[in-house]
Amino acid sequence: MLACQEGETAAKAMEILVAIGKIFGAEKMVPVTSTQISGVSYETIGEAGLELLESFAKDGRVRIPSYLNPCGIDLERWREIGFSKEFAKKQSKIIDAYRKMGVELSLTCTPYLIGATPKRNEHVAWSESSAVVFANSVLGARTNRESGISALAAAIAGRTPYFGYHLNEERVASLLIDVKAKLRDVSDFGALGYYVGGVAKEKVPAFLGINERNLDKMKSLGAAMAASGGVALFFMKGVTPEWRVVGRPEKIEFTERELKETKESLSTSNESELIAIGCPHCSLDEIRELTKKVEGKKLTKKFWVFTSRKIKNEADRLGYTGVIENSGGKVICDTCMVVSPIEHLGIKKTATNSAKAAKYLASMRKQKVVFGSVDDLV
Amino acid sequence: MIINGRAISKGKAKGEVLLSRDEISFLGDVDPRTGVVVEKKLDAYRKSMAGKILVFPRGRGSTVGSYVLYQLKKNKKAPRAIINLEAETIVAVGAIISKIPMVDRLERNPLEFLKNGDIIKVDGDKGLVEVEK
Numbered sequence: 000m001l002a003c004q005e006g007e008t009a010a011k012a013m014e015i016l017v018a019i020g021k022i023f024g025a026e027k028m029v030p031v032t033s034t035q036i037s038g039v040s041y042e043t044i045g046e047a048g049l050e051l052l053e054s055f056a057k058d059g060r061v062r063i064p065s066y067l068n069p070c071g072i073d074l075e076r077w078r079e080i081g082f083s084k085e086f087a088k089k090q091s092k093i094i095d096a097y098r099k100m101g102v103e104l105s106l107t108c109t110p111y112l113i114g115a116t117p118k119r120n121e122h123v124a125w126s127e128s129s130a131v132v133f134a135n136s137v138l139g140a141r142t143n144r145e146s147g148i149s150a151l152a153a154a155i156a157g158r159t160p161y162f163g164y165h166l167n168e169e170r171v172a173s174l175l176i177d178v179k180a181k182l183r184d185v186s187d188f189g190a191l192g193y194y195v196g197g198v199a200k201e202k203v204p205a206f207l208g209i210n211e212r213n214l215d216k217m218k219s220l221g222a223a224m225a226a227s228g229g230v231a232l233f234f235m236k237g238v239t240p241e242w243r244v245v246g247r248p249e250k251i252e253f254t255e256r257e258l259k260e261t262k263e264s265l266s267t268s269n270e271s272e273l274i275a276i277g278c279p280h281c282s283l284d285e286i287r288e289l290t291k292k293v294e295g296k297k298l299t300k301k302f303w304v305f306t307s308r309k310i311k312n313e314a315d316r317l318g319y320t321g322v323i324e325n326s327g328g329k330v331i332c333d334t335c336m337v338v339s340p341i342e343h344l345g346i347k348k349t350a351t352n353s354a355k356a357a358k359y360l361a362s363m364r365k366q367k368v369v370f371g372s373v374d375d376l377v
Numbered sequence: 000m001i002i003n004g005r006a007i008s009k010g011k012a013k014g015e016v017l018l019s020r021d022e023i024s025f026l027g028d029v030d031p032r033t034g035v036v037v038e039k040k041l042d043a044y045r046k047s048m049a050g051k052i053l054v055f056p057r058g059r060g061s062t063v064g065s066y067v068l069y070q071l072k073k074n075k076k077a078p079r080a081i082i083n084l085e086a087e088t089i090v091a092v093g094a095i096i097s098k099i100p101m102v103d104r105l106e107r108n109p110l111e112f113l114k115n116g117d118i119i120k121v122d123g124d125k126g127l128v129e130v131e132k
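As they're listed, the protein sequences go chains A and B.
If you're matching positions, the first sequence starts at 0 in numbering that gives the first Met the number 0 and goes up one per residue.
If you're matching positions, the second sequence starts at 0 in numbering that gives the first Met the number 0 and goes up one per residue.
For the record, the hints were derived by calculation from the structure and aren't laboratory data.
It cannot be assumed that every hint is accurate.
Covered stretches of chain B (in silico footprint by chain A; criterion: 3 or more residues with CB under 8 Å from a CB of chain A, positions within the stretch not fixed) [claimed, not checked]:
1. 7 to 19
2. 57 to 66
3. 82 to 88
4. 111 to 123
Remember, predicted model here, so these are calculated numbers, not experimental data.
Don't be surprised by glycine CBs; every beta carbon is placed ideally from N, CA and C.
Produce the entire structure from the sequences given, and follow the hints as far as they go.
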């Protein structure tokens, strides 16, 4: 492939993977069964990213199922929500380049909720950091934290360098978390993740004292750890198919005090103009829970629920979307509050139940943030 | 004199050395339109990397830095070649997608035996540097 038999982009993809393999001392390449590609929002990758993708799309084709991360707008409702025609045009060009390469236009950070569920020990190359944690820790699949470009290279080459979290010896706990606090909902799990990510950095945490299997809570926990730190894998009994704790790693406690302090630190405001739910993208269960909150009510502020197009289609059929939209809310697809430039819409204060979003709303979207549970916010 | 190293990004180039003893984050430290280093804390502040053989310890910062290298190349302001002490993925991937030859791990420390203005050749296929002295 390095000799250009399959075109310039395939050769370039392989050159990228070989270089990464060299840098990390990988002995070989390993075939992967799927990729998940970030670097989709025009807001993030800009003109240079668009040009690069268009040049890749000339002769680059993916050879395995590949899923796209959210982009900057809802591709169907951007006008109604208030985004400019120029931005939508640029965004569509990025989507077109990926479409041409054969990438599925899933536009979600939760591919595992719409059918991309690699099995235990299956090698994949995913790049959205929250999806990486979920794949490694809940599904038991194996992936490093890829960049958008390295995941696309893996999609085109069908393989990835064999190092890091592909190896047993790297999938070992290096920090124990003794959870003494009582965790009620996804926002509490997010706060736990946010605290642990800050302490763990790139270590592998193993949780003690949690008896919980709810996947939405795991999604929230992992996303927060990957945002405040570089966590790619955690262990939890009853959740993670593996449990590798060797010797006696350092142990920290997470008590009611750490829970309270973390939640307070994520809030920088008491009021909001927008309530944004769905970071990572909502599951069907989460949307159903939200309908119970808003059914028959008239909301006084913007209420946006972010999910994948596939989940929204289900929610449409079940009538959930109707309930939310009748209350004044919107169910928005293809994007999220982190990668969509909502500050351009004049929004300055946003409330969310996601610890990951609380961080990025403040740093990337210049928002004042209210962090709390759905019960607190709606 | 030939100094062996490791090939990271393919291609060959000859040009004038620009040294930076500081790590560089292409997102933020460099103006993609001009190739000029705009971060005051860097020793290469105000110098242009356009058309130079850029020698620095390693990259740092956001992965969007890879796209910035590509942007520099599109704007014809990219370095002609890159030498790192130890490559990391942001600059390595940026160099490959931009077709900028790149080597690292030279058997002698390039920050010691090279100086600004030296004319050298970089061979990103074989992973070596040729110095005319």
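Each hint tested on the structure:
no., hint, result
1, 7 to 19, "holds (count 3)"
2, 57 to 66, "holds (count 4)"
3, 82 to 88, "holds (count 3)"
4, 111 to 123, "violated (count 0)"
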